[in-house]
Amino acid sequence: MTSSLEEPVSSKPLASARQTLLRNSLGQMVVRRILLGFGLLIAASMLIFGGVEALPGDFASTYLGQDATPQAIANIREELDLDRPMTERYLSWLGGIAQGDFGTSWSNRNSVGDQIWKRLGNSLLLAGVAALIAIPLALALGMVAVLYRNRIPDKVISILSLAAISLPEFFIGYLLIQFFTVQLGVASFPATVYDGMGLGERLATIALPVMTLVIVVLAHMMRMTRSAIMNVMSSPYVETAELKGLSALRIIAEHAAPNAIAPVVTVIALNLAALVVGVVVVEVVFVYPGIGQYMVDAVTMRDMPVVQGCGLIFAALYIVLNMVADIVSILANPRLRHPR
Amino acid sequence: MDLAASRRDFLKGSIGAGLLLGSGMGTAWAQTEQAGTPVKGGHLKLGLDGGSSTDSLDPAAYISAIAFCLARSFGDHLVESDPVTGKAIPSIAESWESSDNSKTWTFKIRNDVQFHNGKKLTVDDVVKTLQRHSDEKSRSGALGFLRAITSIEGSGNDLVVKLSESNVDLPLIFTAYHLVIQPNGGYDNPGEGVGTGPYKLVSFEPGVRALFEKNKNDWRERGHVDSFEIIAMNDPTARIAAVSAGRVHLINSVSAKTVPLLKRAPGVQILNTPSRGHYTFPMQVDKAPFDNNDLRLALKYAIDREAMLQTVLGGYGTIGNDFPINSTYPYFPAEIEQRSYDPDKAAFHFKKSGHDGPIVLRTSDGVYAGAVDGALLYQESAKKAGIAIEVKREPADGYWTNVWRAAPFCMSYYGSRLSQDLMYSTEHTSDSPANETNFKRPDFDKLIKQARVEADEAKRKELYHAAAVMVRDEGGSITPVFNDHLLAATKELKGYVHDVGNDLSNGYVASRAWLEA
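Residue numbers (my numbering), protein chains in the order written: chain A, 1 to 340; chain B, 1001 to 1517.
Source of the hints: derived by calculation from the structure; they are not laboratory data. It should be emphasised that the depicted structure is a prediction, and the values quoted were computed from it without experimental measurement. The beta carbon of each residue, even a glycine, is placed where N, CA and C say it ideally should be. Please note that a few of the clues may not be correct.
Unchecked claim - Label pairs and their in silico Cβ distance ranges: (1) A:104 <-> B:1265: 41 to 49 Å; (2) B:1373 <-> A:179: 51 to 59 Å; (3) A:195 <-> B:1327: 20 to 28 Å; (4) A:77 <-> B:1315: 42 to 50 Å.
To be verified - Counterexamples of contact, computed for chain B against chain A with all Cβ distances above 12 Å: (5) 1052; (6) 1094; (7) 1102; (8) 1127; (9) 1140; (10) 1149; (11) 1239; (12) 1242; (13) 1319; (14) 1327; (15) 1348; (16) 1397; (17) 1441; (18) 1449; (19) 1498.
This is chain A alone, in the form it adopts within the complex (with noise of 0.2 Å):
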């Protein structure tokens, strides 16, 4: 759902100018990159609050509801500046947020940059735990299904995987829940973490989002795993490496994983991306307090600084966790450094 603000912002300008960029020495590269994704930065900012102004319906009379009247509409209109054009708003909120302030909510009046950073880590806290159970799991998966290939475990690998795509997120979460805490009554449930709680606490209470997350990006990356490594598989070299008589295992290790890395990467950068900002629907679901929830929530309200700042934060993620993936990939293959 809202989503939507941040798809303009893809990885598709930093592939297309990969070519020229290459050129140049790594560490000039990686500054062009990061200097791209500022410019990047700057063009979501202006879709963000040129999309968020076109939303029909504005905060005045949605906060006021039925109930409205033309001078009450008149004095929240007065006393948020909406009179002045909206250049001029874009320009200081932007310039609010080079110097890290994100403005104040329009409804309670509360510093939106720091529920955004708390909100944001409570965010932080699913994906980080989800992707560390998920990325480990989805390459080592995808390396036995590769060393299985078209075997018993593999099948079984691909159904599962493919039945786990299949399913939306939130009806993922909704089995588990019926599941684990309806029936057999084990797992914690809403999954709402609030401040003064320990971590241990904190992770008992998430666990059933983390399935979630876990099951959902997990398959994508096994199944991206195994087809880069399937294809470095099939190449000379491997034949070679297998012909001289290493170990199945020896040749995906040492030989096809260092070139199935890049493909890989991509993946799970986009997957990351992905929890973080996609956790939105398992967030509602599971009633945590995340920064997709704060964004849901400032949307029916129409409540500008706080959809405006979270859009960005999001854009900032996506461009972020693109450039390093594409960082890495270079890296990990020095002939991307040296292109025809």
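Since the structure of chain A is provided, determine the placement of chain B on it from the hints.
Showing chain B alone in chain A's frame:
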């Protein structure tokens, strides 16, 4: 989106709690569930819809069910309303009297009340509270009710309020949940969450959770549980899962469609309370073809109210009679004949109106759960009268800005108001911004104004009868059903009080219910 709809739902319904100006017509259904000896202690968990990360603790900004419960738990109001009769009863004000034809009101303020921060409550705190909410520049949700106030003063132990026009309902207006009495009226720190209520606020994270503990220095005996928390749960499925698994004791905003399923869960009870909320099909009487009263009557006869009640509300509601008042209000004109589905009469009036061609009805999933089903049902019942209704679905997002009050015929609803006066003043008087049918009739406005100042109960009832007939037979609103408040609770929860005022036992659920050990 769901959240928007539910917040709006509350907003539309909230402002006042019960009205009943002294009539003694208390409704019989108000009652306490499973009376017995209350058990003291325990920790109550409420999983409520309508919380948002952008919520504030400032009572002036309250709009959701969560804020409603918050206000009723940590705060006190000048006046409360009786759960059964809806009449004004003492709270911070121990008594009151009016003079000058209900234009000057004197409230005697208790002098034994202490705020949670240890400060004693004074008349000045009350004066400042009312001043803050009634200020022209205020963002308070209660501002609209306080417009007639011309002066607020303290005099010894008394609060003196002067009005520009008589209003016999003033004490009921002071039950509005925004008007929590705060230290210095909340001018110093409106969001500090300090009040005089039965529970002290321990922590509050907007849109996440609020935790309360018993106020040991309460000025009167109330509240059974030691502590309670409200968890903001906006996802309907999450709420249902939480209550079926016993992880929370009570949830709100239960959809009628899920009630049969919930009833099968072993540890769950359904709590339904008749409400003042109602669904409407507003026709704008100043726009063709709805400027013709015969066409309006045709459309009023063409709706199958009973089918709407059963299909859209699963039977959890009551039939409406095209005026916005039901038996939960005092002075309800029960003697007015119930209008029912009559395709022949509808066809007669439709023909008489001379209109030809389909009638466009705009609707959306965002109006209320089942609104689109309701529209299609209406289309079917009207077809039998030879009236073609074209149902046009609009996006839920922006519906209340782009369609409601803009399109000549759409779907809408209202929540409860404190009194008939406030209900009509929202829905049908000329000067109301929420007058969705553009029904502007000086003679109607005059009736409502007369009823507002009429101290004689019999005369007042006559005036409200005349107002209801006028709206029913000449107004632009089709009001087919009134919806019940639907809650689900675990069976451990006892002593739930069905309050005529509003949902969640008029917000007092935390201090009225108890948990069976």
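Tested hints:
1. Separation of residue 104 (chain A) from residue 1265 (chain B) is about 43 Å and conforms to the stated range, judged on CB atoms against 41 to 49 Å.
2. Between residue 1373 (chain B) and residue 179 (chain A) the CB atoms are about 31 Å apart, so this pair departs from the stated range of 51 to 59 Å.
3. Here the CB-CB span from residue 195 (chain A) to residue 1327 (chain B) is close to 46 Å, at odds with the stated 20 to 28 Å.
4. Hint check: residue 77 (chain A) to residue 1315 (chain B), Cβ distance near 44 Å, so the stated range 42 to 50 Å holds.
5. With 12 Å as the threshold on Cβ separation, the claim that residue 1052 (chain B) sits away from chain A is violated: the shortest Cβ distance comes to roughly 4 Å.
6. At roughly 30 Å, the least C-beta separation between residue 1094 (chain B) and chain A is larger than 12 Å, which holds for a residue marked as non-interface.
7. Interface exclusion of residue 1102 (chain B) from chain A stands, the closest Cβ pair being 23 Å apart, more than 12 Å.
8. Once the 12 Å rule is applied to beta carbons, residue 1127 (chain B) is consistent with being away from chain A; the minimum gap is 22 Å.
9. Against the 12 Å criterion, residue 1140 (chain B) falls within the reach of chain A, whose nearest CB is about 9 Å from its own CB.
10. With a least beta-carbon separation of about 15 Å from chain A, residue 1149 (chain B) lies farther than 12 Å from that chain, consistent with its non-interface assignment.
11. For residue 1239 (chain B), the non-interface assignment is contradicted: its Cβ lies about 9 Å from the closest Cβ of chain A, within the 12 Å cut-off.
12. Separation of residue 1242 (chain B) from chain A is inadequate, the least Cβ-Cβ distance of about 6 Å not exceeding the 12 Å criterion.
13. Under the 12 Å C-beta cut-off, the non-interface status given to residue 1319 (chain B) relative to chain A holds; the minimum distance is some 23 Å.
14. No Cβ of chain A comes within 12 Å of the Cβ of residue 1327 (chain B); the nearest lies about 23 Å off, and the non-interface call holds.
15. The beta carbon of residue 1348 (chain B) is kept farther than 12 Å from every beta carbon of chain A, the shortest such distance being approximately 35 Å.
16. Residue placement check: residue 1397 (chain B) does not keep its beta carbon more than 12 Å from all beta carbons of chain A (closest about 7 Å).
17. Non-interface call for residue 1441 (chain B) relative to chain A: holds, since the shortest CB-CB distance, roughly 20 Å, exceeds 12 Å.
18. The non-interface label for residue 1449 (chain B) is consistent with chain A: the shortest C-beta to C-beta separation is roughly 18 Å, beyond 12 Å.
19. For residue 1498 (chain B), the shortest C-beta to C-beta distance to chain A comes to about 25 Å, beyond the 12 Å cut-off, and the non-interface label holds.
Hints 2, 3, 5, 9, 11, 12 and 16 from the list above are not met by this structure, while the remaining hints are.
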